[in-house]
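Just need the whole structure built from these sequences, with the hints factored in.
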Amino acid sequence: MTVPQELYAAMVDHQSACNDMLALKDSVISRMRNVLLKKEKEYMRALKVHAEERQGLLRECREALHEMFGEHGDEEQNFLDRYLAMNEANEQRLEKLHCSANDEYNNLRRRLHLELHKLEMQLEDMRAACQLNEDQLDYNGHVLREAASENLIALSQEKRKIAQLRDSLSGLKVQGMKEEEITHMRQQLQRINEWINEDLFNILGQECDSTDGIMTVPKQGEHIELHRKRHGFRLDYHEKKRKKEARSVHKRAAFAQKAIGLKAKMYSKKRHAEKATMKKTIAMHQQRDNKHKAEDGAPQSAVPAYLLEREQVDRAKVLSNTIKQKRKEKAGKWEVPLPKVRPVAEDEMFKVLHSGKRKKKSWKRMVTKVTFVGPSFTRKPPKYERFIRPSGLRMKKAHVTHPELKCTFCLDILGVKKNPNGTSYTQLGVITKGTVIEVNVSELGLVTPGGKVVWGKYAQVTNNPENDGCINAVLLV
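Positions 0 to 476 (numbering that gives the first Met the number 0) are the ones given, in order, by the sequence shown.
Do not take every clue at face value.
Stated by the list, open to error - Derived pair list, reagent style DSS-like, types lysine-lysine, alpha-carbon separation capped at 27 Å:
hint, residue 1, residue 2
1, Lys360, Lys395
2, Lys395, Lys405
3, Lys323, Lys379
4, Lys432, Lys417
5, Lys274, Lys350
6, Lys24, Lys37
7, Lys350, Lys363
8, Lys278, Lys242
9, Lys243, Lys274
10, Lys243, Lys264
11, Lys117, Lys158
12, Lys228, Lys158
13, Lys396, Lys416
14, Lys432, Lys396
15, Lys250, Lys262
16, Lys395, Lys451
17, Lys396, Lys417
18, Lys47, Lys37
19, Lys451, Lys363
20, Lys339, Lys358
21, Lys416, Lys451
22, Lys432, Lys405
23, Lys432, Lys456
24, Lys172, Lys278
25, Lys228, Lys243
26, Lys239, Lys339
Claimed, not checked - Taking CB as the label site, the calculated pair distances span:
hint, residue 1, residue 2, range
27, Gln187, Lys160, 36 to 42 Å
28, Lys37, Leu57, 27 to 33 Å
29, Ala245, Val173, 31 to 37 Å
30, Ala245, Lys160, 27 to 33 Å
31, Lys158, His230, 16 to 22 Å
32, His230, Arg159, 19 to 25 Å
33, Val453, Lys339, 27 to 33 Å
34, Lys339, Cys469, 19 to 25 Å
35, Glu345, Val372, 19 to 25 Å
36, Val48, Val11, 55 to 61 Å
37, Arg159, His183, 20 to 26 Å
Don't read these hints as lab results, they were simulated from the structure.
Just so you know, even glycine gets a beta-carbon here, dropped at the ideal spot from N, CA and C.
What follows is the structure, encoded as structure tokens:
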């Protein structure tokens with residue numbers, strides 16, 4: 000066979016296969032259409048059944064709803080009837096009470112009107128009496144002012160008379176004192192004569208009359224007191240004394256400004272003691288007026304219900320405590336558990352390092368104690384670094400004990416506040432026994448009186464960190 004014949008036979012076979020496949024496709028399509036028709040009929044029947052069931056359910060719901068509305072209307076009508084009957088009964092009862100209390104109300108009203116009229120009459124009488132008293136007081140005040148002016152004139156005249164009488168009295172006192180001195184001298188002479196007569200009688204056995212005598216002299220230092228007792232003070236004595244006391248303050252101030260040396264120290268110490276004693280005396284006699292709670296007062300505006308029972312706390316005490324704490328921190332003074340520590344010598348603190356080509360230079364030092372350098376620390380070049388702080392002795396945390404809570408916390412170190420051995424050690428961050436360090440206490444939940452979280456707080460080291468390998472400290476509360 001040739002090629003075209005073979006190709007034609009293949010095409011015929013292919014066409015017969017295609018016809019078979021199309022026939023199979025038509026048969027499948029016809030079967031699917033039959034199935035779809037059956038399913039559509041079943042779906043329509045199901046829709047009809049569903050519609051019938053829905054109509055029946057709606058019918059039953061309408062009937063039940065009509066029944067419920069009917070019952071609700073009956074109950075509402077019954078309630079309305081009872082409410083109207085109750086209102087009618089209450090109105091009848093109120094009418095009876097009003098009729099029964101009407102007489103009492105009229106009597107009470109009449110009595111109150113009479114009392115009000117009496118009170119108004121009394122008020123008018125009191126106003127009239129007050130006006131009369133005011134006029135009388137004005138007249139009495141005018142009379143008293145006139146009398147006061149007359150009294151001043153009379154007082155000046157009496158003062159002149161008193162001055163004249165005082166002059167005459169001083170003269171009479173002088174005369175009286177002279178007479179008293181004469182009488183005293185006569186008595187002394189008589190006593191001396193008696194003593195002499197007794198002595199002569201004892202010695203010679205006979206009496207001896209004598210008219211001459213010796214007057215006793217007052218003791219030393221009693222002349223001024225005796226003169227004041229006899230003649231009184233000078234007329235300007237008290238004025239001079241007052242002016243002298245007023246000038247003494249300025250004299251003391253001038254002396255305190257000019258004094259130097261040991262005299263100034265002694266004088267300042269004396270004045271400090273006097274001021275302390277005076278302050279204590281004043282404080283004992285004064286009444287305390289600082290209170291922790293403010294006095295209750297009427298609010299200026301409306302207060303919400305949730306603030307009605309709150310107490311208003313006075314912040315005077317809080318502010319004073321805050322100011323005192325800041326002053327203590329500024330001055331660098333704390334109440335520390337270790338007030339005194341053993342001083343550390345320089346040989347114990349530093350180790351001499353020899354440098355240079357021949358190891359003859361000894362200007363470098365290596366710190367042999369625990370140090371704190373901070374997170375952003377970088378070493379200087381070895382050529383310029385004088386103080387070497389080994390990394391093995393650098394510490395960043397401390398075991399801090401709270402004295403009130405009796406608990407120990409591992410806290411981060413923020414810095415070295417003060418080393419008791421000197422400021423140079425403080426600048427280098429050397430931590431020895433007794434050093435005051437600043438630690439991070441934000442994790443402890445401490446807050447200030449104002450409500451702010453405390454970030455840093457001071458603590459004192461209580462051990463030798465270079466020997467123990469850790470830092471133990473006590474928080475300064």
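Here is what the structure says about each hint:
Distance hint between lysine 360 and lysine 395 is unfulfilled; the C-alpha atoms sit about 33 Å from each other, more than 27 Å. Pair hint lysine 395 plus lysine 405 holds up; C-alpha atoms about 23 Å apart against a cutoff of 27 Å. Taken as a hint, the lysine 323 and lysine 379 pair is broken in the structure, with Cα atoms around 41 Å apart against an allowance of 27 Å. The straight-line distance between the Cα atoms of lysine 432 and lysine 417 is roughly 11 Å, inside the 27 Å bound, and the hint therefore holds.
A threshold of 27 Å between alpha carbons decides the hint, and for lysine 274 with lysine 350 the separation of about 52 Å lies outside it, so the pair is violated. A threshold of 27 Å between alpha carbons decides the hint, and for lysine 24 with lysine 37 the separation of about 20 Å falls inside it, so the pair holds. Restraint check for lysine 350 and lysine 363: satisfied, since their Cα atoms lie roughly 9 Å apart, inside the 27 Å limit. Pair hint lysine 278 plus lysine 242 holds up; C-alpha atoms about 25 Å apart against a cutoff of 27 Å.
Distance restraint check for lysine 243 and lysine 274: the Cα-Cα separation of roughly 21 Å lies within the 27 Å cut-off, and the hinted pair is therefore satisfied. This hinted pair checks out: lysine 243 and lysine 264 have alpha carbons roughly 26 Å apart, not beyond 27 Å. The hinted pair formed by lysine 117 and lysine 158 fails the criterion: a straight-line CA distance of about 58 Å is larger than 27 Å. About 24 Å separates the Cα atoms of lysine 228 and lysine 158, which keeps this hinted pair within 27 Å; it holds.
Taken as a hint, the lysine 396 and lysine 416 pair is honoured in the structure, with Cα atoms around 15 Å apart against an allowance of 27 Å. Taking the CA atoms of lysine 432 and lysine 396, the gap is about 16 Å. The hint holds against a cut of 27 Å. For the suggested pair lysine 250 and lysine 262, the alpha carbons sit about 15 Å apart, so the restraint of at most 27 Å is met. Distance check on the hinted pair: lysine 395 and lysine 451 sit about 25 Å apart at the alpha-carbon level, within 27 Å; holds.
For the given pair, lysine 396 sits about 17 Å from lysine 417 by alpha-carbon distance, which is consistent with the 27 Å threshold. Distance hint between lysine 47 and lysine 37 is fulfilled; the C-alpha atoms sit about 16 Å from each other, no more than 27 Å. Of the supplied pair hints, the one linking lysine 451 and lysine 363 is violated, its CA atoms being roughly 45 Å apart against a limit of 27 Å. Restraint check for lysine 339 and lysine 358: not satisfied, since their Cα atoms lie roughly 40 Å apart, outside the 27 Å limit.
A C-alpha spacing of about 22 Å is found between lysine 416 and lysine 451, which places the hinted pair at or below 27 Å, so the restraint holds. Restraint check for lysine 432 and lysine 405: satisfied, since their Cα atoms lie roughly 21 Å apart, inside the 27 Å limit. At most 27 Å may separate the alpha-carbon atoms for a hinted pair to count; lysine 432 and lysine 456 meet this at roughly 18 Å. Distance check on the hinted pair: lysine 172 and lysine 278 sit about 47 Å apart at the alpha-carbon level, beyond 27 Å; violated.
Restraint check for lysine 228 and lysine 243: the C-alpha separation of about 23 Å stays at or below 27 Å, so the hint holds. Note on lysine 239 and lysine 339: the hinted pairing is violated, with a Cα-Cα distance of about 56 Å set against a maximum of 27 Å. About 39 Å separates the C-beta atoms of glutamine 187 and lysine 160, a value consistent with the hinted range of 36 to 42 Å. Distance hint check for lysine 37 and leucine 57: the Cβ-Cβ separation is about 31 Å, which falls inside the suggested range of 27 to 33 Å.
Separation of alanine 245 from valine 173 is about 33 Å and conforms to the stated range, judged on CB atoms against 31 to 37 Å. Take alanine 245 and lysine 160: their Cβ atoms lie about 32 Å apart, and the range 27 to 33 Å holds. Separation of lysine 158 from histidine 230 is about 21 Å and conforms to the stated range, judged on CB atoms against 16 to 22 Å. Here the CB-CB span from histidine 230 to arginine 159 is close to 22 Å, well matched to the stated 19 to 25 Å.
For the hinted restraint 27 to 33 Å between valine 453 and lysine 339, the CB-CB distance of approximately 28 Å keeps it satisfied. Checked against the hint of 19 to 25 Å, the pair lysine 339 and cysteine 469 passes, with Cβ atoms roughly 23 Å apart. Checking the proposed 19 to 25 Å range against glutamate 345 and valine 372 shows it holds: the Cβ atoms sit about 20 Å from each other. At about 56 Å, the CB distance of valine 48 to valine 11 agrees with the hint of 55 to 61 Å.
For the pair arginine 159 and histidine 183, the supplied restraint of 20 to 26 Å is violated, since their beta-carbon distance comes to about 35 Å.
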